[in-house]
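Novice: Each chain is listed here by its residues.
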Amino acid sequence: MADSTVAESPGASLRGTRAAPRVRKAEGRGRPYWQIAPMAVVFLFFFILPLIVTFVVSFWNYTGYSITPAFVLNNYALAFDRCFSPAPGFCTTFRTYLSTLKFCAIVWAVTLVIGFTIAYYLVFQIRTNTTRIVLALICTIPFWTSNVIRMISWIPLLGRNGLVNQVLVGTGIVNQPIEWLLYSDFAVALALVHINTVFMIVPILNSMSRIDRSLVEAAYDAGASGWQTLSNVIVPLSKTGIAIGSIFVVTIVMGDFVTTGIMGGQQIASAGKVISTEISALQFPIASANAIVLLVIVLMIIWTLIRFVDIRKEL
Amino acid sequence: MREQRSRAFYILSAVFALYVLFLYGPTITITVLSFQGPNGGLTFPLNGLSLHWFHNLWAGIGVPNVAGALVNSLELGIVVTILTVVISLMAGLAYRRRFAGRNFIFYTAIASLTLPSIIVSLGIALEFQIANQSISGLGDTLSDSYGGDDVHGIAAILGALGNGIENNFQTLMGLFTSGLGAHLTWTLPFGLLIMFAIFNRFNPSYEEAARDLGASAWQGFRYVVLPLVAPSLLGVALFGFTLSWDEIARSSQAVGSANTLPLTLEGLTTTVTTPVIYALGTVTTGVSFLVIGCILGCVFLVQARRRRYGSDAGKGLL
Numbered sequence: 001m002a003d004s005t006v007a008e009s010p011g012a013s014l015r016g017t018r019a020a021p022r023v024r025k026a027e028g029r030g031r032p033y034w035q036i037a038p039m040a041v042v043f044l045f046f047f048i049l050p051l052i053v054t055f056v057v058s059f060w061n062y063t064g065y066s067i068t069p070a071f072v073l074n075n076y077a078l079a080f081d082r083c084f085s086p087a088p089g090f091c092t093t094f095r096t097y098l099s100t101l102k103f104c105a106i107v108w109a110v111t112l113v114i115g116f117t118i119a120y121y122l123v124f125q126i127r128t129n130t131t132r133i134v135l136a137l138i139c140t141i142p143f144w145t146s147n148v149i150r151m152i153s154w155i156p157l158l159g160r161n162g163l164v165n166q167v168l169v170g171t172g173i174v175n176q177p178i179e180w181l182l183y184s185d186f187a188v189a190l191a192l193v194h195i196n197t198v199f200m201i202v203p204i205l206n207s208m209s210r211i212d213r214s215l216v217e218a219a220y221d222a223g224a225s226g227w228q229t230l231s232n233v234i235v236p237l238s239k240t241g242i243a244i245g246s247i248f249v250v251t252i253v254m255g256d257f258v259t260t261g262i263m264g265g266q267q268i269a270s271a272g273k274v275i276s277t278e279i280s281a282l283q284f285p286i287a288s289a290n291a292i293v294l295l296v297i298v299l300m301i302i303w304t305l306i307r308f309v310d311i312r313k314e315l
Numbered sequence: 001m002r003e004q005r006s007r008a009f010y011i012l013s014a015v016f017a018l019y020v021l022f023l024y025g026p027t028i029t030i031t032v033l034s035f036q037g038p039n040g041g042l043t044f045p046l047n048g049l050s051l052h053w054f055h056n057l058w059a060g061i062g063v064p065n066v067a068g069a070l071v072n073s074l075e076l077g078i079v080v081t082i083l084t085v086v087i088s089l090m091a092g093l094a095y096r097r098r099f100a101g102r103n104f105i106f107y108t109a110i111a112s113l114t115l116p117s118i119i120v121s122l123g124i125a126l127e128f129q130i131a132n133q134s135i136s137g138l139g140d141t142l143s144d145s146y147g148g149d150d151v152h153g154i155a156a157i158l159g160a161l162g163n164g165i166e167n168n169f170q171t172l173m174g175l176f177t178s179g180l181g182a183h184l185t186w187t188l189p190f191g192l193l194i195m196f197a198i199f200n201r202f203n204p205s206y207e208e209a210a211r212d213l214g215a216s217a218w219q220g221f222r223y224v225v226l227p228l229v230a231p232s233l234l235g236v237a238l239f240g241f242t243l244s245w246d247e248i249a250r251s252s253q254a255v256g257s258a259n260t261l262p263l264t265l266e267g268l269t270t271t272v273t274t275p276v277i278y279a280l281g282t283v284t285t286g287v288s289f290l291v292i293g294c295i296l297g298c299v300f301l302v303q304a305r306r307r308r309y310g311s312d313a314g315k316g317l318l
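Chains Y and L, in that order, give the protein sequences. With the first letter of the first sequence counted as 1, position 124 gets the number 124 in the numbering used here; the numbers rise by one all the way through. With the first letter of the second sequence counted as 1, position 136 gets the number 136 in the numbering used here; the numbers rise by one all the way through.
If we strip away everything but chain L, and leave its shape as in the complex, we get:
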């Protein structure tokens, strides 16, 4: 049955190998160079092997608040992942039925995926700035009108509110408000598209069987649908975390005073001239690979388990 491989196969295999080298070569290079000796520079040759630059990174020398940025990115990434999985799953379930506005939301998601991130980021920044200006303005107005000592009742409460805003309010912008929203506009379209792919291949007869056996809607979801789609949800989680962890364009104007890891890294490209930046790169890529490895590993495990225990058809009654 097997025919001889054509010449095209060997040529294309070589092209593919070159592409993979192109894809991974640079990352491998900086991973190697991050183990430079203390006197090593940004390029080859390696001046000895050491963990000097990782130690340097850990000590925070010469690098402004990297640990803080790393924690910020990690926390934001986890929140984005959870929200992406939950919101996408709910949306995926909704799209199994007709509802008004389904086309509108679908095309909004596609638009959110394709329109330039700088525009989305600017828009979110402006939205929050206007909200900030309005709140401060309201505070000033209330404070001026009712902030005196001779007001009573509701006016006094409004006055106190105005003073409170004047004294305490700074900004609504932040990692978990505008930043979170910015990241979700990037991860949710991917989540929604993956859910479409999942439910297009989903066999509704399992669910119908559950319902025929008297399961409630919630039971049908909890014990039938959810276990069936769970491995694919891991895929959504993978996109959610990695896209958030590496996001830079949408975060750029929208995270307020906090910094995420990619933003810090971008800043470092112009200022840092030692391999410490490679060490940071290795750590960041390491986290990405760890997450990718864990999730892909889980998916393969679940699939292997399903193959083993999946069906007892033809094995007789127990």
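Isolated chain Y (complex conformation):
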């Protein structure tokens, strides 16, 4: 529902709300403060403070069952163990990040193509608003169902005796079942695309539905072909949506450990999975150091992508 409401409010911006209610300046000036207080408290105690604590603990020591205040750099040294030695092949951190970045690139490219195509179809090919809302809802509803179940759902399709292999063997395309369909890089990438394409569709849909149709018509009238209109008018005007969708997809894949775990049969490393493994081994300070490294990398990616957008214009 909300996605369609967002999509339907062309031209609305946060600045609009700021300017609108000029009324009642004198009375109730403190009101916004107690109204925002609960949200501020939740973010303070469950987001900001935890991030600070993580940063601090990344310099602490730990014993088997507790963490003790200190200022040591061991945890970072361990995180980058053997990374700057002459034989960097032994450095697991670089390899893990390389693998995670590989998934990022693949999933980003695929979700971008699918997301852009679906959004384009909904905005420029569907004629009635009701149909558009219904089709957009069809794309969004799985987002509200369980990700773990949606991963498990691939087992009967991709397994050794799964539907895909049954069909492939049955039709004689392959002689024996393909093994790399499940619990593999392929399965991880597939599930990540399956789950996260919605994060690309919704922001692009939002940007695209604000494109003034007369611009598209003007391009046609000026003799542009379909592709020229697409690449010179529609893509540039959807840039913000593309950037927001990319931020979502890239940050989700960078931090992912659940999908990699389940679809990789707990055998494939990822930046997030390293952290979760260290936590289960109660190596909190090392996990914190790795979390800070991941945080810095993710922030750098967001920093790069956010140059393309003014997020607040999109609301």
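Careful, some of the hints might be misleading.
Covered by chain Y, per the in silico footprint, the following chain L stretches (three or more residues, Cβ under 8 Å) [as the list claims (entries may be wrong)]:
#, segment
1, 6-18
2, 182-189
3, 266-272
Footprint (simulated), chain L over chain Y, 3 or more residues, beta carbon under 8 Å [as the list claims (entries may be wrong)]:
#, segment
4, 170-176
5, 210-222
6, 225-233
Estimated spans, in silico, between C-beta atoms of each pair [said to hold, decoys possible]:
#, chain 1, residue 1, chain 2, residue 2, range
7, Y, Leu-135, L, Gly-41, 33 to 41 Å
8, Y, Thr-131, L, Ile-28, 18 to 26 Å
9, L, Gly-48, Y, Phe-80, 52 to 60 Å
10, L, Ile-78, Y, Trp-303, 32 to 40 Å
11, Y, Ser-280, L, Arg-7, 52 to 60 Å
12, Y, Arg-95, L, Asn-167, 42 to 50 Å
13, L, Cys-294, Y, Val-167, 32 to 40 Å
14, L, Gly-48, Y, Gly-170, 17 to 25 Å
15, Y, Phe-94, L, Phe-300, 46 to 54 Å
16, Y, Asn-129, L, Glu-75, 33 to 41 Å
17, L, Gly-48, Y, Arg-213, 51 to 59 Å
These are computed hints drawn from the structure, not numbers from a lab. In this text, a Cβ means the ideal position worked out from N, Cα and C, and glycines have one as well.
Assemble chain L onto chain Y, guided by the hints.
Specialist: Frame of chain Y; chain L shown alone:
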């Protein structure tokens, strides 16, 4: 007026249909397979049709404490939903005015939405562990200093407190402390963004009319603003419940000893090799669809009602 559909329309329609198949196909597959006969396996073919695996699930055979996890998730989901709606609505109202720190809170919400969940989860776990260690430490100190038999007055109270902590205190972590907080960091940003979308389209003249007629601030909110935004709040509730019900990454380190349904399910993926896991999947997805259906149904009902009774403009004076 209607022009002929272009070839692109048909190609893109086919692409869209394929995408929908890709989106729903797997879920439909496990729903079908959850009705496997008692001898059926994890893949096709269906070995008869039965409710065997649902019965199995109900009896709890081979599945550790699924019912408990289901109840945990349901309770947590309801609390998260209520808090998300209330806190987001209040924040949405606050953002209709200027206040110091509005940019900071907005960007914090965006950060909470985008930063990797494992980091948030770890941070909350650490925060609570440090709090636990501090409380236990305080208990030990108090107990050692004042816990003897020969102390009186305030010292005795402190000593008793120390002993009490030593004997009873285990952890602050739990489903409704750290777990609840972890879920809220995920649902509140969505709630806030939806509230922005709502109030951007909100016409303040209704409220002004109410005020001109002498309504107090509370009356204006209760009888004018709230009924107008109520259907959109259902959207916030939808996000609140479904996101909490399915949340796994942020819960992973932050729910303490209790387990939520998604966490239990994740554990089952490595241990269970019967269709009982599909039955659980069908039940979980069923709950999600029930909630989505109810809420979307309510929204459409309210909108239809508004179209019917919404305006009496042009109908003359009654």
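Novice: Now look at each hint and say whether the structure bears it out.
Specialist: Verification of the hints:
Figure legend: the segment 6-18 of chain L, annotated as covered by chain Y; annotation consistent (6 residues with Cβ-Cβ distances under 8 Å, at least 3 required). Under the rule that three or more residues need a Cβ within less than 8 Å of chain Y, the assignment of the segment 182-189 of chain L holds, with 4 such residues. Counting residues of the segment 266-272 of chain L whose CB lies closer than 8 Å to any CB of chain Y gives 3, which reaches the minimum of 3, so the coverage claim holds. With a cut-off of 8 Å between beta carbons, the segment 170-176 of chain Y has 0 residues touching chain L; three or more are needed, and the interface restraint is violated.
Only residues whose beta carbon comes within less than 8 Å of a beta carbon in chain L count, and the segment 210-222 of chain Y has 0; fewer than three means the coverage is violated. Proximity of the segment 225-233 of chain Y to chain L, defined as three or more residues with a beta carbon under 8 Å from a beta carbon of that chain, is not established by the 1 residues found. Under the hint 33 to 41 Å, the C-beta atoms of Leu-135(Y) and Gly-41(L), about 36 Å apart, fit the expected range. Our hint of 18 to 26 Å for Thr-131(Y) and Ile-28(L) holds, since their Cβ atoms are close to 23 Å apart.
The hinted range of 52 to 60 Å is satisfied by Gly-48(L) and Phe-80(Y), whose Cβ atoms lie roughly 57 Å apart. Restraint check, Ile-78(L) to Trp-303(Y): a C-beta distance of roughly 38 Å satisfies the suggested window 32 to 40 Å. With their beta carbons about 54 Å apart, Ser-280(Y) and Arg-7(L) fall inside the hinted range of 52 to 60 Å. The hint said 42 to 50 Å for the Cβ distance between Arg-95(Y) and Asn-167(L), and at roughly 49 Å that hint holds.
For the pair Cys-294(L) and Val-167(Y), the supplied restraint of 32 to 40 Å holds, since their beta-carbon distance comes to about 38 Å. Against the hinted window of 17 to 25 Å, the Cβ-Cβ separation of Gly-48(L) and Gly-170(Y) comes to about 22 Å, which satisfies the hint. Distance hint for Phe-94(Y) and Phe-300(L): a CB-CB separation of about 52 Å, consistent with the stated range 46 to 54 Å. As the Cβ distance of Asn-129(Y) to Glu-75(L) is approximately 38 Å, the hint placing it in 33 to 41 Å holds.
Separation of Gly-48(L) from Arg-213(Y) is about 55 Å and conforms to the stated range, judged on CB atoms against 51 to 59 Å.
Checked against the numbered hints above, the structure violates hints 4, 5, 6; every other hint is satisfied.
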